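J.: Residues per chain, in single letters:
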Amino acid sequence: MLGFTALELARFQFGFTISFHIIFPAITIGLASYLAVLEGLWLWKQDVVHRDLYHFWSKIFAVNFAMGVVSGIVMAYQFGTNWSYFSAFAGSITGPLLTYEVLTAFFLEAGFLGVMLFGWNKVGPGLHWFATIMVAIGTLVSATWILASNSWMQTPQGFEIISGRVVPVDWLQVIFNPSFPYRLAHMTVAAFLATALFVGASGAWHLLRGNDIRPIRIMLSMAMWMLVLVTPLQIALGDAHGLNTLKYQPAKIAAMEGHWGNTPGQSVPLILFGWPDMAAEKTKFAVEIPHLSSLILTHEWNGQFPGLKEFAPDDRPNSTVVFWTFRVMVGLGVLMLLLGVWSLLLRYRRTLYQSKPFLRFAVAMGPCGLIAILAGWLTTEIGRQPWVVYGVMRTKDAVSNHSALALSTTLLVFIVIYIAVFGTGVSYMLRLVAAGPADISDSERQGSHQTQRPARPLSAVPDDVDPTIDLPESEDR
Amino acid sequence: MGIDLPLIWAIIIAFGLMMYVIMDGFDLGIGILFPFVPDRDDRDTMVNTVAPVWDGNETWLVLGGAALLAAFPLAYSIILSALYFPLFLMLGGLIWRGVAFEFRFKANDSHKPFWDKAFAWGSYVATCSQGLALGGFINGFEVKDAAFSGGVLDWLTPFSLFTGAALVVAYALLGCTWLIMKTEGELQRRMIKLARPATLAVLAIIIIVSIWTPLAHADVANRWFALPNMLFFAPVPALVLATTWAILRLLGGEPHVGPFLFTLFLLFLGYSGLAISLWPNIVPPAISIWEAAGPAESMGFTLVGALLVIPCILAYTAWSYYVFRGKVKPGEGYH
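Those sequence lines, one after another, are chains D and H.
Numbers 1 to 477, taken from my numbering, label the letters of the first sequence in order.
Numbers 1001 to 1335, taken from my numbering, label the letters of the second sequence in order.
Hints listed in this document are in silico derivations from the structure and should not be mistaken for laboratory results.
Source: prediction; values computed, not measured.
Among the hints, a few may not be true.
[Claimed, not checked] Covered stretches of chain D (in silico footprint by chain H; criterion: 3 or more residues with CB under 8 Å from a CB of chain H, positions within the stretch not fixed): (1) 74-81; (2) 90-100; (3) 167-177; (4) 390-403; (5) 414-425.
[As the list claims (entries may be wrong)] Chain D side only, calculated, beta carbon under 8 Å to chain H, not exhaustive: (6) V70; (7) S84; (8) Y85; (9) S87; (10) L103; (11) A406; (12) T410.
Beta carbons are placed, not taken as given, at the ideal position from N, Cα and C, and that holds for glycine.
I would like the entire structure built from these sequences, with the hints used as guidance.
T.: Structure below.
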């Protein structure tokens, strides 16, 4: 298709399906913890506003969770259908980690999600809060297993290769591989940040529409506090993760920085913008800040780190792509910091809920946490190339023997189905957000509605919103 | 002799797949029966009977995939790449019907017929592709240097087309008898009428597969018809006939739970018949569970989690079926 090779199409298919998938678990992780905090506040302060917010966000959580489950089924099979050589070679390590992830998620869904979504009137308040906390912990444990698997592919250790297959020798080393703690912390905090931005944008949108009620204000305020506290932490974590990457995957850092080579005794400037050209082996149109890369990456005024030319051309990741995806992520991070600082300033002036430019900025930043997550993942995954297991197996040796025709057929169908299905789901979620948190009388009615107890997340949502994509009338008949 | 980890894992995966076939079987069957039930209220009742349980059912499929990768990476890589298209169609069908299932309740009246059709089509596509995959699996895969070396359409044979259609009929019978248990009145009578031909069709399918596979595969014929084996396995066909007879007899009276339980047993017999034919191969025709097994370190590590969690899942599942026991009346839903 369009002159792409089967390998490129398989990579694109994986990138497409996992990019769609990661959005939902990221919000699931953030919202689960947010809900646990809201319910805790309700139990502690007995202020109905927290209970109403809990009910409001738990409906959105339910839809989002279901989307995550459905898009996740594809991932469990894609390793085998599209990356069979990788599965045969390294399945002995990634398989058990994935199985533990499924078992954890399964256990969480079976044990506590039902109580959390449908048990408000069925169990006592303490037990209900416990269920919410267990769901929040469950989402974090799930993420831990997946990130252990991904981190092992980035910085593998704790294994031997026996007759052409990976054999684990030390599971603790496999799980706690060098990049795992950094990746786990960076991704978890990213999920919290993306959720805070989403919640904040929802609140700001309602305020802009004149829906200035207490739950909306509290929603925005909590989201902004989260942003103020967590953005600096995320920047520090990102820096630490970068240093870890420099130690274990120096080629990735060189590609991210568009850094081709060192002159003895000279510092490395930070290239703010430019166009890394893989063929010409240099970064064109570079706008540089002297010494800054040395300072950031080596913490020395004239420190040096390897440039891309020090790696064989076959071992270089695509600098043009990761240079920019990395800058998108960092740029959005700076905007998040700005939004947080602005909110502090407005709080001090007591105009947080009135400033139109600020509220518009907050709405615009709504999806930016998710975009930053995608940009970050693109950076770390494309930056790992040409390896699928870093330094151990090349991506071109991992892919199944499918033809470009077979792959482009399935890719096109995936794109159509995903856009129709998840587009509908997301529009449904946004309509729930637009409906806003209920007032007190509404939530009483809601309470009696929740006595039934089906085990499906989407059923936690009342049926009065039509999520259907606008189909032409003729198709319906 | 130590613990036979490949054997334990083969049993766990076979059990998980059977749970999936049985449990998702009847809810896919509901979608398959949609074209036979035009009335919208009846359709709502049908869907409501499985509403509380269906997505728990599908999680067994994810567990099966992940456990196969963990315990038998070689089998996972060969089978999944060989069955690329049917599995891809299955996933597409499952996603499509899964959301259609939910959206048909949330949609307004003018959009509802669209999601109804989507639900039925998704169920047919998912079931049929599972059957195609099963047929391809029984036929076996061309393997060279521990990798699938056949063509992308190798799974497409007259036999797999037959199993594709066969699974649609089998799931329809499961759906039918499930509804006999869960509904009453006109809808239940309609299901009883449908169940009779469906039962006979399933019997015919089992007989055809039992003749077709030994004719096509000499080792399957040897397994069943070599002398001591034949005596051991003789109860399987006998039980199949007895079970079919029992279902038909129950349908003549005032059936309730009986037909569903016997249908489950019938499918279990079919499933164990296949297991007898293929044992001990996990990648037919020549790779056994011991040859495809991953390292003991991987199997042992994962077994700890599986043994802790699977009993909890079973207990919870049983409890949730207990909570939602009894007939579903028209208009009374979980929605």
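J.: Look at each hint and say if it fits the structure.
T.: Here is what the structure says about each hint:
1. 74-81: Holds, because 6 residues of the segment 74-81 of chain D bring their Cβ atoms closer than 8 Å to Cβ atoms of chain H.
2. 90-100: Held - the segment 90-100 of chain D has 10 residues with a Cβ nearer than 8 Å to chain H, which meets the minimum of three.
3. 167-177: holds (count 4)
4. 390-403: Contact hint for the segment 390-403 of chain D vs chain H: holds, 4 residues under 8 Å.
5. 414-425: holds (count 5)
6. V70: Where the cut-off is 8 Å and the nearest Cβ of chain H is about 5 Å from V70 (chain D), the hint holds.
7. S84: holds, 4 Å
8. Y85: holds, 7 Å
9. S87: Check passed: Cβ of S87 (chain D) comes within 4 Å of chain H, closer than 8 Å.
10. L103: Holds: closest Cβ of chain H sits about 4 Å from L103 (chain D), inside 8 Å.
11. A406: holds, 5 Å
12. T410: Holds: closest Cβ of chain H sits about 5 Å from T410 (chain D), inside 8 Å.
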